[in-house]
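Heads up: the sequence lines are chains A and B, in that order. Each step along the first sequence adds one to the number in my numbering, with nothing skipped, and position 109 is 109. Each step along the second sequence adds one to the number in my numbering, with nothing skipped, and position 312 is 1312.
Keep in mind the hints are simulated off the structure, nothing from the lab. Warning: the hint list may mix true and false statements.
Chain B side only, calculated, beta carbon under 10 Å to chain A, not exhaustive [as the list claims (entries may be wrong)]:
id	residue
1	Val1260
2	Glu1264
3	Glu1266
4	Lys1269
Glycine included, C-beta positions come from ideal geometry on N, C-alpha and C.
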Amino acid sequence: MENDLLLNIRDLRVNFDVFGGTLKVLDGVDFAVGSGEKVGLVGETGCGKTTTMKAVLRVLPMPPARVMGGEILFKGRDILQMTSRELGQVRGEGMAMIFQDPTAALNPVFTIGQQLDAAVKYSAAGDKRLSGKEIRQRAVEALKEVALPDPERLLKNYPFQLSGGMRQRVCIAMAVAGDRELIIADEPGTSLDVSIQDQILRLLRGLTDKLNTSIVLITHTLGVVRELADRVYVMYAGNMVEVAPTKELFSRPLHPYTVGLMAAVPKLTGGGIADGIPGRIPDYLNPPVGCRFHPRCERAMEQCRAEKPQFIEVSEEHQVACFLYSQEEEEIQRA
Amino acid sequence: MSSDLLTVTDLKKHFIVGHRGIVAREPITVKAVDGISFEVREGETFGLVGESGSGKSTVAYTVVGMYQPTAGDIAFRGESMYGRGRKRRSDLRKEIQIVFQDPGSSLNPRRTIKDIVGFPLRLYGSNVDLQTRILDLLQMVELPAEYMHKYPQMLGGGEKQMVAIARALATSPSFVILDEPTSALDVSIQAKIINLLLRLQREFRLSYLFITHDLSLMRNVASRVAIMYLGRICEVAEAAEFFRNPYHPYTQMLLSSIPVVSDEEEELKPKKITSRGEIPSPVNIPNGCSFHPRCSQCGDTCSGDDPVMVEVEPGHLVRCHMFS
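Chain A on its own, in the form it takes in the complex:
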């Protein structure tokens, strides 16, 4: 199992130095993606989802960010220890990121063709040198792959000439063009309408199935994860609080945070909305001691204020970081 992992993050800690102190943002994150696996990462705004994935690509601005510990293994090699040359290779051939806002992700002064060519060129830089013609051909194929009409004309267009949905498709084309092994999609449909988001998700699912690419889908919408992911991580304030196969997580959420999130989602079946989770994400300057969720948790105990809970395996592949379940486990063991 360990060797099959494409991406394995262990105990990652990242701080940000800001005026007035140090923000302790990532507090020991564990995260793994298998080969060909679709993994979801959910949590509220500001809980560290994007920071984690930016650390993987090493695009976090340093300073202010500082990696305090842990390792990020990509195919067994630690990204944090790589030289810039090795890193360039990993970024080009190994993984790609699709950002939330396609308008900001594309450069407004270059044509789609120029940007797509660059994405293809650097993805293939390691093993073979492609001619300009071959590059262009692969760019056209990539645009066809994402179901964009009239690719030849599109390559001459600038980003502002396309609609939001088309821009996001171009970003996806850039990510899939180079046969990369891992695609990190950061809220790929959030800035788009539901009908377009649905199209984008179907497209991502189709392409990753076909190419057997692994994907990490970052989102704050639980429904989106349910549509696409095989396994889901739930993140809160720089900690992973729960991980489970998608079906299991939606039928049996365990962590009080996951339960609260699920209840707050408006349902198509109606019947009103639960009151949500009181309070807001903690201040990272002085995060709560112990479990970072305890100030907002209805079921907080003495222990939660003192110790940080670790992942406990409640059933196969379903892990939760909460003392409520460690007690249960102990009781079962005693009995």
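Chain A is already provided as a structure; the job is to place chain B on it using the hints.
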């Protein structure tokens, strides 16, 4: 049956965005709202859904009085809001208030919460003690009194939206327009705001025009729902009926696109329809039924004739050739 508070009849709002030709100077118009009619009953939440660019915010701004309608009429409590010379009656400003989508930009960053919430009170010269009334309003939206002296940037997104709600309620309106009040917020905060809005509605017998693109949210707040596409209404029905029996292909397409969290919800989604295409630019609205290029059940008549609204079932109106 409760009476109608607001009646919108054949409302149109066209914007001139440029000119074509050098001599003739033919104007290029965007038909943001192109002939819509609906009514909001006393004490109900009327939901307006649609994709971005469908014209739902233009409807909100026209109803609240920020835009002068190109044609059509808006009546409040049975009386037209536009008097002689199409000038809008100013006495209704107190009665109709709005909460905007992005609380970050709808609150003045250089004013304290006290100034922001107190401004409508000073404008409309109510004889109440300003201080007490502001405290009351903050209490109403469950914000602590010491927030009076804070500035918007010191607050979280949800708290800012609560300030915006308090400001809207300052003049004791009977009708509040909510223009995507929670789309910029996380679900846990959204839940809190929505429940607050529903409680205030019960307490003060408010009527809401609720605008959102989130159909699942709409299911939980609205009593009646209308769906808009390119400046026209496609379908109107009671909320429960709307989600159980969607008739218009566009409604079905939107419903099938919603990401849901449980199997029971999955059952409600129309299966056969998958979304395709994008909403076209409102400058070039397709001929005939404006939805026909994206419609999975498009027939021969659809590209030629514009369908008219028909009442398929009592209270359930659809604008589609399949039903006329």
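How the hints compare with the structure:
1. Because the smallest distance between the Cβ of Val1260(B) and any Cβ of chain A comes to about 5 Å, under 10 Å, the interface hint for this residue holds.
2. The interface hint given for Glu1264(B) is met, as the beta carbon of that residue sits about 5 Å from the closest beta carbon of chain A, less than 10 Å.
3. At about 9 Å, the closest approach between the beta carbon of Glu1266(B) and any beta carbon in chain A falls short of 10 Å, and the interface hint on this residue holds.
4. Nearest Cβ of chain A to the Cβ of Lys1269(B): about 7 Å, under the 10 Å cut. The hint holds.
Figure legend: structure checked against the earlier numbered hints; every hint is met.
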